[in-house]
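Undergrad: Since each chain sits alone in its own frame, please combine them into the complex, following the hints.
The listed protein sequences correspond, in order, to chains A and B. Numbered according to the numbering used here, the first sequence spans residues 126 to 181. Numbered according to the numbering used here, the second sequence spans residues 303 to 979.
Source of the hints: derived by calculation from the structure; they are not laboratory data. Here the structure is a predicted model, which is why all the values come from computation and not from measurement. Misleading hints may appear alongside valid ones.
Stated by the list, open to error - In silico DMTMM-like links for lysine to aspartate or glutamate, alpha-carbon gap of 25 Å or less: (1) K158(A) x E780(B); (2) K156(A) x E780(B); (3) K441(B) x E431(B); (4) K787(B) x D157(A).
Stated by the list, open to error - Output of the computed footprint for chain B on chain A, the stretches with three or more beta carbons under 8 Å from beta carbons of chain B: (5) 137 to 146; (6) 149 to 159.
To be verified - Residues of chain B clear of chain A, computed beta-carbon distances all greater than 12 Å: (7) D378; (8) L399; (9) H604; (10) T605; (11) D607; (12) C644; (13) M751; (14) G790.
In this text, a Cβ means the ideal position worked out from N, Cα and C, and glycines have one as well.
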Amino acid sequence: MFAWLAANGGTILVSAILIAVVSLVVIKMRKDKKQGKSTCGGNCAHCAMCGSCHSK
Amino acid sequence: MSVKTVTKSTPHSFQKKLGCKIVEISALKETGIAEAAEAAIEAAKNGKTVPQHTFSGPVEHAIAHIEEAALHNLPDEQQRWYAIKVFERDDKVLSQLNIPADKLTHIESDIKAAETELDDDSESIITNERYIYIAEILKSCYKKKNAGALSSSDKIDKVVTNRWLGLPIFALIMFLVYWISMVAIGTPATDFVNDKVFDEGFHLFNDGGYTEIAENYAGASAVVDGYDSYIEENGTAPTGDFTYTVEDDETLEVSEVSASITDYENAKKTLEEIGDEPDPADYGIWIPSIPALAEKGLDAIHTADWLKGMILNGIVAGVGAVLGFLPQMLVLFLMPAFLEACGYMARIAFVLDRVFRKFGLSGKSFIPMLIGTGCGVPGIMASRTIENERDRRMTIMTTTFIPCSAKLPIIAMISGAIFHGSAWVATSAYFVGMASIIISGIILKKTKMFAGDPAPFVMELPAYRWPTFSNVLRSMWERGWSFIKKAGTIVLLSTMVVWALSNFGFVDGNFRLLESEELELSLLAYFGRAIAWIFAPLGWGTWQAAVGSITGLIAKENLVGTMGIFYGSGELTAWEALSQAFTPVTGYSFLVFNLLCAPCFAAIGAIRREMNNAKWTWFAIGYQCGFAYLIALMINQFGGAFTGNLNVVGLIFALAALCFMIYMLFFKKYKEATKLA
Numbered sequence: 126m127f128a129w130l131a132a133n134g135g136t137i138l139v140s141a142i143l144i145a146v147v148s149l150v151v152i153k154m155r156k157d158k159k160q161g162k163s164t165c166g167g168n169c170a171h172c173a174m175c176g177s178c179h180s181k
Numbered sequence: 303m304s305v306k307t308v309t310k311s312t313p314h315s316f317q318k319k320l321g322c323k324i325v326e327i328s329a330l331k332e333t334g335i336a337e338a339a340e341a342a343i344e345a346a347k348n349g350k351t352v353p354q355h356t357f358s359g360p361v362e363h364a365i366a367h368i369e370e371a372a373l374h375n376l377p378d379e380q381q382r383w384y385a386i387k388v389f390e391r392d393d394k395v396l397s398q399l400n401i402p403a404d405k406l407t408h409i410e411s412d413i414k415a416a417e418t419e420l421d422d423d424s425e426s427i428i429t430n431e432r433y434i435y436i437a438e439i440l441k442s443c444y445k446k447k448n449a450g451a452l453s454s455s456d457k458i459d460k461v462v463t464n465r466w467l468g469l470p471i472f473a474l475i476m477f478l479v480y481w482i483s484m485v486a487i488g489t490p491a492t493d494f495v496n497d498k499v500f501d502e503g504f505h506l507f508n509d510g511g512y513t514e515i516a517e518n519y520a521g522a523s524a525v526v527d528g529y530d531s532y533i534e535e536n537g538t539a540p541t542g543d544f545t546y547t548v549e550d551d552e553t554l555e556v557s558e559v560s561a562s563i564t565d566y567e568n569a570k571k572t573l574e575e576i577g578d579e580p581d582p583a584d585y586g587i588w589i590p591s592i593p594a595l596a597e598k599g600l601d602a603i604h605t606a607d608w609l610k611g612m613i614l615n616g617i618v619a620g621v622g623a624v625l626g627f628l629p630q631m632l633v634l635f636l637m638p639a640f641l642e643a644c645g646y647m648a649r650i651a652f653v654l655d656r657v658f659r660k661f662g663l664s665g666k667s668f669i670p671m672l673i674g675t676g677c678g679v680p681g682i683m684a685s686r687t688i689e690n691e692r693d694r695r696m697t698i699m700t701t702t703f704i705p706c707s708a709k710l711p712i713i714a715m716i717s718g719a720i721f722h723g724s725a726w727v728a729t730s731a732y733f734v735g736m737a738s739i740i741i742s743g744i745i746l747k748k749t750k751m752f753a754g755d756p757a758p759f760v761m762e763l764p765a766y767r768w769p770t771f772s773n774v775l776r777s778m779w780e781r782g783w784s785f786i787k788k789a790g791t792i793v794l795l796s797t798m799v800v801w802a803l804s805n806f807g808f809v810d811g812n813f814r815l816l817e818s819e820e821l822e823l824s825l826l827a828y829f830g831r832a833i834a835w836i837f838a839p840l841g842w843g844t845w846q847a848a849v850g851s852i853t854g855l856i857a858k859e860n861l862v863g864t865m866g867i868f869y870g871s872g873e874l875t876a877w878e879a880l881s882q883a884f885t886p887v888t889g890y891s892f893l894v895f896n897l898l899c900a901p902c903f904a905a906i907g908a909i910r911r912e913m914n915n916a917k918w919t920w921f922a923i924g925y926q927c928g929f930a931y932l933i934a935l936m937i938n939q940f941g942g943a944f945t946g947n948l949n950v951v952g953l954i955f956a957l958a959a960l961c962f963m964i965y966m967l968f969f970k971k972y973k974e975a976t977k978l979a
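Bound conformation, chain B alone (with noise of 0.2 Å):
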């Protein structure tokens, strides 16, 4: 019992009545453990237990019959313990013990006299003495702080699980967790991550004035290359002020600047007084970047162009575009491990169980979920808690909607280069997955298969309290290192095939590694193109992002691997470049899609032992896909409708799936199970 809800507490009197020393200790403090441990071992020494607790009239009958009968060779203070087993009829005792059959039948007649006269099965009447006894011993020794009144966990629950408040405060603490993660916190550590650290190095304190030189030196040359383009362009110098444009490095973006001759003076002297282009290593401290370093070392031992290739392409740009969302992942594990520690997550659950229940869905089938947006695998397996077969069927078909944490650097992508790092991303990934568990408990629901009600779901909400930082440190440090183990094992060695298969092909009948221009005649080139059509009405039908979402099934980190190799090996950043090859319609039927498909193999793997029949494995991975086809088909003909990218026959398909839908939700009737599960 919790030493906060109590205010009169006698150990003395508790000692008594349980014959043993007793210890407080708190767990979340760690204090008092040590000391309960010497106390376990000192009493372990005695040797000899006394029997505390006496059951009722009938069972101590029975219990000493059993006794008498079976167990008068055991040690005195065995005897009881084994008495009690035998009474349960526990397997594992029975066997041990190997008591005679006829035996066995004088004892199973006392048994049985003593279920009948208490109306129970004897395990039952067990525990359930056992539970009165504590109580009453409880009643006795302690008495509640403030009896009858709320607590201040009651209170809070009173708003966070309000029958009208409850999810819109689930929905702002969620958006505030990818805020924080995503946009607060995760940005700027991630931008330098993957700015910095991946690509253009870093100066260590300070930069010693470099900024200074370089935005002269960059001012200066814009104003002089301006002059010059002028000339190339008119073919005579301009007499008074004239106009250039400038790309802005980020975004991209062309402007038209003007400037006057005394400007390009100035320009020309700042040139003349700074020389050649500032280099930031010889400036202040001068880290160079993990890409560059690796460079430099690879050509002063003459490497191949090949083997420098595959490092510096393949293994630095997929295992580095996933390592650059390490900062992310370790601020968005941290939010959860918070939640889960002060009772918040248990909150969410009874929360949205009450939704799920109005869809069809076993309130049983929340826990997998809650634990799928760790990882898939586990989540799949925690359904083994749900007794009903449909129940459970559709839950691990389901599980996987909810975006895991492998999924989380697809979507920090996705937000990233398309979508300016908005958090509504990240918020609406996870709507978009419990909607569709919603949506397809409720289709699934009204077929045959999975006709039926939902089990019952009970649960108990502990008590708010304020987490140890360090165990919300650890837990966010074991995922943390699991993100990185991953990157350095399945990751690495996924972009080393991909590189590989993008990199060699056909040229003219001979089998070469390719040009960096000539990555479409590559042999993963052909192999997209050959299923890229299937995702064209989905608005990415590139053979680029075809082979992404295939390489996502073997983890699903490596989608970003993938497109880190494929978009980030020109001369653009791989996000400026996916900013280039996605519209925001297109990029969110992207993730749409990859957030709902078929899971990780790992996963797959847990839904064939889940499953334990390969049929219906095969129903669930084809589902998942089909659904995920949909709903992105949905996203990008719909959404190319408004923002005038019409496609007559997509449209047509998208508005027969959403016909398709909206009938199975509403119009379809449910269908009574005619046989238990």
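So that you can see chain A by itself, here it is in the shape it has in the complex (with noise of 0.2 Å):
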């Protein structure tokens, strides 16, 4: 076992590492939905109109 562990700790190491920014991504993207932010590449803050569009 725990020579399978110190073959492997890199692999497990990174595959970790890419699993936790891999969920952050997802959470942050599904916050962002819920808070009706635009995944576009626009940015409708500064529009007098946003409101209308981007419910809080």
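TA: In structure tokens form, the structure reads like this:
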């Protein structure tokens, strides 16, 4: 078991980091969607009508 | 009012007439804002307001009745405001006051009497009298500089919005914008990021003599290799001059070079002096590339091959392909921010409005399209300002034909890889978008669904002004940051999925990680091949291009990331591999299809919300994909016919599509609407 962990330690570590990053990205995207933030490249924040498009 | 246009203003007179302190401010220069806020706080502390404006007799009579009948319990300073709101029949105020029905009937009779006497509705009466009051105050307090004469803005507009010069000037400005961002500044910066940061690495400050030694080594190696290959081919050493072939790393051009025996002896000597091939890391301050750094780190901790492949060939290659365009994007975001801040963007709307109306589109349709150059989602949402339902639906369907900022990396990739970075590709992409809107406008207006005149369009042109440096930079940064965030979220996830699907597959009944030469057996290749035949008439019926177009639906930048994974993992760079996979004709057909077809899912969601109807949403997506397909088909088939790659069946279909379009554009009669939308 220990030998297996030692041999695959790097893979486990990198996989864990990758899973954490992906989870954070998914959480952030879900949070943004709930807050009505657009996923597009354009920024509506300075539009006077922003409130009517993106409910807070 | 602008200080520039005023010669004589009398703040004291203003103060007297408005009953409050007047503070001069400049939003652009950010002067006087704190003083204005302080004056507002001071005025609020006062508590009591004295009415400065007196309405006409019938209105004042009605207001007095309202105050007496329903508002006498309220504080004195609030009574007049509430009375005016009741006179305007403001729903919120009426529900807040909860006035008994009998009193409301009495008030209503007073309001109606005033409306009859002034021949207008109560709300318009108040608005109109306030405007008259404002005009009177202004007339007595300030004098216009050069009254009657043309201002600088007017003089510029005489040229820029001229009936004949307007469009050529617009085309020239657009060309300059893309030339600066794609060629002059964008290309060197993007080349640096793509070639150095994400490929080879680079020397900080100076190379410590590396370039000279590397060139000597490469030149000497080529001569020695040429000598060796001569012996291999002829079985004997050359006695005099000999020739050998050299391949250019960048253009892949193969050329013949001749050398003498003396050259060979010198080259051998040079190689002996230099020794092993020079490593750039041994000279100057060497910054390794991100993939090299990541590979070194992953090797150091003995990461499994599949995970290393996912990180290097999936995430780094895919996200790197998108981020490689960041410098170009920043320059490209800077230019429209400048045009917007100086006031020219509004002129573009004005210039193109005149053209659009001739083709049966509403002038108001242009605003969503203008916003759509940034992003299709707010562009589609901006169609809400169009009252006419037919015009609104048509605008929603055609807005995304204009390339949004997410499509710019696709344009830059095709332009750079296949057209040697020509600025004409990007400029033509916008004109293809505009032409598609015009053609769609004419064709759709001739169908029963969209028949009828477009709604009138009124817009105010702001005066020209020099934009502030900070505002333009802020606008550029906001858009740039959105681009980076998108690369780090949605593009990152997509590249991981695309890598996994393109690197795992069934080999002899076993599901496993594929070798680099087995990509044809991947899950994504199976899926791509199942749909690739659809795109074969467009000239790019490969599974890679088909899958790239599909992943573009998640986010348009994804197409670049996907192509980076498919074409950038081998020995050639992504651009070199792309230039071999596509001809200029098929490359342009691929570009046009991806610019005009259905937008990303976020924009499709916006179409669904604004259409508020599933059938209309599907019709819009179907129309966009069908139109994109026909245009790309015509580009490939006609282009192929001209470049000697003739396909008779394809050409017949392309001609049929062209004839149908010509019939709809020029011969089919307009049908008048039978009912108002």
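Undergrad: State the violated hints by number, sorted upward, taking the hints as numbered earlier in the document.
TA: Violated hints: 9, 10, 11, 14; rest satisfied.
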